[in-house]
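Chains as they are written, first to last, in full-length UniProt numbering: chain A, 1 to 296; chain B, 1 to 272; chain C, 1 to 373.
These are calculated hints, taken from the structure and not from any lab test. Check the hints yourself; a few may be wrong.
With a straight-line cut-off of 20 Å between C-alpha atoms, the simulated EDC-like cross-links for lysine to aspartate or glutamate are [unchecked claim]:
1. C/Lys144 x A/Glu109
2. C/Lys142 x C/Glu130
3. C/Lys298 x C/Glu255
4. C/Lys144 x A/Asp61
5. C/Lys339 x C/Asp281
6. C/Lys142 x A/Glu293
7. C/Lys196 x C/Glu185
8. C/Lys167 x A/Glu195
9. C/Lys115 x A/Glu109
10. C/Lys144 x A/Glu288
11. C/Lys88 x A/Glu63
12. C/Lys196 x C/Asp179
13. C/Lys196 x C/Asp207
14. B/Lys255 x A/Glu109
15. A/Lys27 x A/Asp72
All figures in this text were calculated on a predicted structure; none of them were measured in a lab.
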Amino acid sequence: MRRVVLIAVPYLWLLALFLVPFVIVLKISLSDIALARPPYLPQLDLSAGWQGVREFLSGLDLENFVFLTTDDLYWKAYLSSLRIALVSTLLTLLVGYPIAYGMARAAREWRPTLLMLVILPFWTSFLIRVYAWMGILSTEGVLNNVLLFLGVIDEPLQIMNTNTAVYIGIVYTYLPFMILPIYAALEKMDDSLLEAAEDLGCSRLQAFWLVTWPLSRNGIVAGCFLVFIPTIGEFVIPSLLGGSDTLMIGKVLWEEFFSNRDWPVASAVAVVLLAILIVPIILFQRNEQKAREAEG
Amino acid sequence: MRRFSWFNATSLTLGFAFLYLPMILLVVYSFNESRLVTVWAGFSTKWYGELLRDQEFLDAAWVTVKVAVFSSTIATVLGTMAAYVMVRAGRFWGRTLFSGMIYAPLVMPEVITGLSLLLLFIGLGIDRGVFTIVLAHTTFSMCYVSVVVSSRLANFDRSLEEAALDLGCSHFAAFRLVTLPIIAPAVISGWLLAFTLSLDDLVIASFTTGPSATTLPIRIFSAIRLGVSPQINALSTLLIAVVTLGVITASIMSKRAAVAQARDEQAAIRAE
Amino acid sequence: MAQTAFAPWDDPDERPLIEFRGVSKRFGDFTAIDDLTLNIFEREFFALLGPSGCGKTTMMRMLAGFESVTEGHIWLGGQDIIDIPPNKRPVNMMFQNYALFPHLSIWENIAFGLKREGRPKDEIAARVDEMLRLTRLGRFAKRKPHQISGGQRQRVALARSLAKAPKLLLLDEPLGALDRKLREETQFELMDIQEKTGTTFVIVTHDQEEAMTVASRIAVMDEGRLVQVATPDVIYEAPASVYVADFIGDVNIVEGRATPEGAGLRIDWAEGQAPIAARSDSAFARGQSCHFAIRPEKVTIDTERPDRPNAFRGKVIDIAYLGNISTYHVELAGGQMIKAQMVNARRLANRQITWDDEVWVGFTETAGVVLEG
Numbered sequence: 001m002r003r004v005v006l007i008a009v010p011y012l013w014l015l016a017l018f019l020v021p022f023v024i025v026l027k028i029s030l031s032d033i034a035l036a037r038p039p040y041l042p043q044l045d046l047s048a049g050w051q052g053v054r055e056f057l058s059g060l061d062l063e064n065f066v067f068l069t070t071d072d073l074y075w076k077a078y079l080s081s082l083r084i085a086l087v088s089t090l091l092t093l094l095v096g097y098p099i100a101y102g103m104a105r106a107a108r109e110w111r112p113t114l115l116m117l118v119i120l121p122f123w124t125s126f127l128i129r130v131y132a133w134m135g136i137l138s139t140e141g142v143l144n145n146v147l148l149f150l151g152v153i154d155e156p157l158q159i160m161n162t163n164t165a166v167y168i169g170i171v172y173t174y175l176p177f178m179i180l181p182i183y184a185a186l187e188k189m190d191d192s193l194l195e196a197a198e199d200l201g202c203s204r205l206q207a208f209w210l211v212t213w214p215l216s217r218n219g220i221v222a223g224c225f226l227v228f229i230p231t232i233g234e235f236v237i238p239s240l241l242g243g244s245d246t247l248m249i250g251k252v253l254w255e256e257f258f259s260n261r262d263w264p265v266a267s268a269v270a271v272v273l274l275a276i277l278i279v280p281i282i283l284f285q286r287n288e289q290k291a292r293e294a295e296g
Numbered sequence: 001m002r003r004f005s006w007f008n009a010t011s012l013t014l015g016f017a018f019l020y021l022p023m024i025l026l027v028v029y030s031f032n033e034s035r036l037v038t039v040w041a042g043f044s045t046k047w048y049g050e051l052l053r054d055q056e057f058l059d060a061a062w063v064t065v066k067v068a069v070f071s072s073t074i075a076t077v078l079g080t081m082a083a084y085v086m087v088r089a090g091r092f093w094g095r096t097l098f099s100g101m102i103y104a105p106l107v108m109p110e111v112i113t114g115l116s117l118l119l120l121f122i123g124l125g126i127d128r129g130v131f132t133i134v135l136a137h138t139t140f141s142m143c144y145v146s147v148v149v150s151s152r153l154a155n156f157d158r159s160l161e162e163a164a165l166d167l168g169c170s171h172f173a174a175f176r177l178v179t180l181p182i183i184a185p186a187v188i189s190g191w192l193l194a195f196t197l198s199l200d201d202l203v204i205a206s207f208t209t210g211p212s213a214t215t216l217p218i219r220i221f222s223a224i225r226l227g228v229s230p231q232i233n234a235l236s237t238l239l240i241a242v243v244t245l246g247v248i249t250a251s252i253m254s255k256r257a258a259v260a261q262a263r264d265e266q267a268a269i270r271a272e
Numbered sequence: 001m002a003q004t005a006f007a008p009w010d011d012p013d014e015r016p017l018i019e020f021r022g023v024s025k026r027f028g029d030f031t032a033i034d035d036l037t038l039n040i041f042e043r044e045f046f047a048l049l050g051p052s053g054c055g056k057t058t059m060m061r062m063l064a065g066f067e068s069v070t071e072g073h074i075w076l077g078g079q080d081i082i083d084i085p086p087n088k089r090p091v092n093m094m095f096q097n098y099a100l101f102p103h104l105s106i107w108e109n110i111a112f113g114l115k116r117e118g119r120p121k122d123e124i125a126a127r128v129d130e131m132l133r134l135t136r137l138g139r140f141a142k143r144k145p146h147q148i149s150g151g152q153r154q155r156v157a158l159a160r161s162l163a164k165a166p167k168l169l170l171l172d173e174p175l176g177a178l179d180r181k182l183r184e185e186t187q188f189e190l191m192d193i194q195e196k197t198g199t200t201f202v203i204v205t206h207d208q209e210e211a212m213t214v215a216s217r218i219a220v221m222d223e224g225r226l227v228q229v230a231t232p233d234v235i236y237e238a239p240a241s242v243y244v245a246d247f248i249g250d251v252n253i254v255e256g257r258a259t260p261e262g263a264g265l266r267i268d269w270a271e272g273q274a275p276i277a278a279r280s281d282s283a284f285a286r287g288q289s290c291h292f293a294i295r296p297e298k299v300t301i302d303t304e305r306p307d308r309p310n311a312f313r314g315k316v317i318d319i320a321y322l323g324n325i326s327t328y329h330v331e332l333a334g335g336q337m338i339k340a341q342m343v344n345a346r347r348l349a350n351r352q353i354t355w356d357d358e359v360w361v362g363f364t365e366t367a368g369v370v371l372e373g
């Protein structure tokens, strides 16, 4: 009996506040916009009994999804989200790998401190970390002032409100997610493997490519997914650092909902976004599973 | 150590400079006299004073703390239960769905979570405010808590619980007296994680709140949309200071505990 | 028999393969290797034996090129190798934990070194197959290291390090991770492979039995110095110091003062006790303090006084029954403990000596060694 309660409480909570809401999103994505409150049709009228359910079901259609394909804005936003996520994931890897490598090669007594220094920004507000870059990148910002002072440039660079600023913001805020799994993989690696590679005729660089890199592969893949997946639906960074031409689907969804108040289309955008995310999520799960099996 | 080279030293220095320089600049400019954030006009703490006189910010801060305390506490209870179910309950009907619902919110884009919860609250006709934000935050942060706690539970030697049962404990007493003290560090870090996630959340709170409750991130977001302001710098500095102090205190405490344990073990060996 | 014995170290014309010339290694203030000179010959199976921290691993790592030399020179095949990086040395190493590449199959692990030499593909394949045959691993070629047993991993590590046909193979505690039975089997396998390939092996171990079994010569080390370098039988029967005698096998040590007497020595070791009669090749001054070391299996135990040059009365304090043999701990009148070993030729019930019995222990004049100091 106690076991039933133990299972039922979190189970029901998640059903009511995670699964049911999502079913509602799915339903509304199949409805039509209406000048009513709530602003969509049809409404399920259970008091009308079976007739009500039938009427409700016949009122659902794929119109909103068709609309998504006809309006350029949406598929461009999806594509651009994917592109921005992909580019910034690679950039994060490029920045993160040397840091993780340096940490794993640092003296043993230093590693906990370095680890804490990587995690610390993660505990400070995401919003503030993005905001910090607004002061640096803006036309009168610190970066431009320094570059002007040094004489590297003659007039301020327009970085703020461009995709470049979005890339910088993503790399900066998601860097710990890239560093931690790579560090974990590198730290586990036995130093004698590198010695063995050298003993068998490798130069240091060859030993890196033939041993270190493949052995950190699981960490790299995990880190890339941890950056890639949340970046696709990112809203804060494009809306603060990006410009009017920065198209990301999270921002489109937000505007569709709050500015246009088109709930059915917003819901359809959400359903498609989730469908896009399912592929990398499954790939990520597979990679984790494989990594666990390889260890066990 | 042997392989620690100038390359590693450089990448660490540049990497940590990249991570910390923006925040250091933020802190420095919070003490700037000028309203223009980019021009240094002398040291001043006037923005802190202005911040503390701004009733809107103080109200928002109070709402945020309330939401964070409630949601993280409920999330810790539910998340610990969920972790226990995942690791210990064995098979039951709908187990796959259950574990799916535990992991899905971790990767779900915030915009979708927020949107779906909002539609639920509207559908049920619940007035939106502190209560609905607490519900929303509890739902996604309980999943984080359960992941943290279940990894600790999975490494936990089950024979300890069996020993407690063997010595006459009921199941609940065994949990309270043996399991809970051992997984306590994970439960506490789960709570801290949930608390931080709640403090930090902008998107889900924006969707699920009503006109009556504005959280700090919502307030900050609407302020910085218009550009940089020294008042926000001051606020950021305060938040950074709180977090830094918290993390450093926690790490010193856990380090002390580890040192004390090592010393006790040494003493025990010598006493033998 | 004497002509066919393998003993290049006794041949003054033989050039050694490896020469350590006054090699020292310091880590800060700590001296790991102290002015060490040593020759190792081709086709030898040479063991570096000592407790942990004695410098044996440092010596091996200097041969492999992973540790620099602070002072002195190491010559390999007529070439000074101290400035050659590890990947350019004709030396391969078998690591203590095997250091098999977990992401590569057994086949790829063995081929790893060959591929670095840029040999043609078919040549590599042929060589890998040869190694797989030598180590009986053919069936496992496609598996990954975590899919095979510890003993098989050990053989993969051996095959990988032998694949490049190095002039010198270094083995760092090669059998340390195996259980006792497998270790004994593998020791003979190692010797067999060493003989077949004709490679010079240098093995580092802290296990004296292992060193005794496999090695042609053993170097016993202590605190960065060589204490004795000799064949296993010499190390056992004629240890050069109390340290060596104590480190290798079980031994009784009796402290005393030596006095030359006729062809041998008289050792006075306790008040009111008959002296020990012994022989020694080295000369002792009258009254010089010494240690008399004798192995337990060379001490007999009887109920009656035996007809031997040395016989002492004592009481049985403890008996360790090991199945094939029993070790008796006998306390002599002066309090000195002596261990005597007896082969259990008869069954347990028929043996007459038991706890607290008054017994006689005895040994011949040449059974023990007299050591200075």
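Going down the list of hints, with the structure as the test:
For the suggested pair lysine 144 of chain C and glutamate 109 of chain A, the alpha carbons sit about 33 Å apart, so the restraint of at most 20 Å is broken. Taken as a hint, the lysine 142 of chain C and glutamate 130 of chain C pair is honoured in the structure, with Cα atoms around 15 Å apart against an allowance of 20 Å. Restraint check for lysine 298 of chain C and glutamate 255 of chain C: the C-alpha separation of about 18 Å stays at or below 20 Å, so the hint holds. Proposed proximity of lysine 144 of chain C and aspartate 61 of chain A is contradicted: the alpha carbons are some 53 Å apart, above 20 Å.
For a cut-off of 20 Å, the pair hint linking lysine 339 of chain C to aspartate 281 of chain C is broken: about 25 Å separates their Cα positions. A hinted pair counts as satisfied when its Cα atoms are at most 20 Å apart, and lysine 142 of chain C with glutamate 293 of chain A qualifies at roughly 18 Å. Restraint check for lysine 196 of chain C and glutamate 185 of chain C: satisfied, since their Cα atoms lie roughly 17 Å apart, inside the 20 Å limit. Note on lysine 167 of chain C and glutamate 195 of chain A: the hinted pairing holds, with a Cα-Cα distance of about 19 Å set against a maximum of 20 Å.
Proximity of lysine 115 of chain C to glutamate 109 of chain A is assessed by CA-CA distance (about 37 Å); at most 20 Å being required, the pair is judged violated. Of the pairs offered as hints, the one joining lysine 144 of chain C and glutamate 288 of chain A holds, with about 19 Å between alpha carbons and a cut-off of 20 Å not exceeded. A C-alpha spacing of about 70 Å is found between lysine 88 of chain C and glutamate 63 of chain A, which places the hinted pair above 20 Å, so the restraint is violated. Taken as a hint, the lysine 196 of chain C and aspartate 179 of chain C pair is broken in the structure, with Cα atoms around 25 Å apart against an allowance of 20 Å.
Between lysine 196 of chain C and aspartate 207 of chain C the alpha-carbon distance is near 24 Å, which puts this suggested pair outside the 20 Å criterion. Note on lysine 255 of chain B and glutamate 109 of chain A: the hinted pairing holds, with a Cα-Cα distance of about 12 Å set against a maximum of 20 Å. Taken as a hint, the lysine 27 of chain A and aspartate 72 of chain A pair is broken in the structure, with Cα atoms around 24 Å apart against an allowance of 20 Å.
Checked against the numbered hints given earlier, this structure breaks hints 1, 4, 5, 9, 11, 12, 13, 15; the rest are met.
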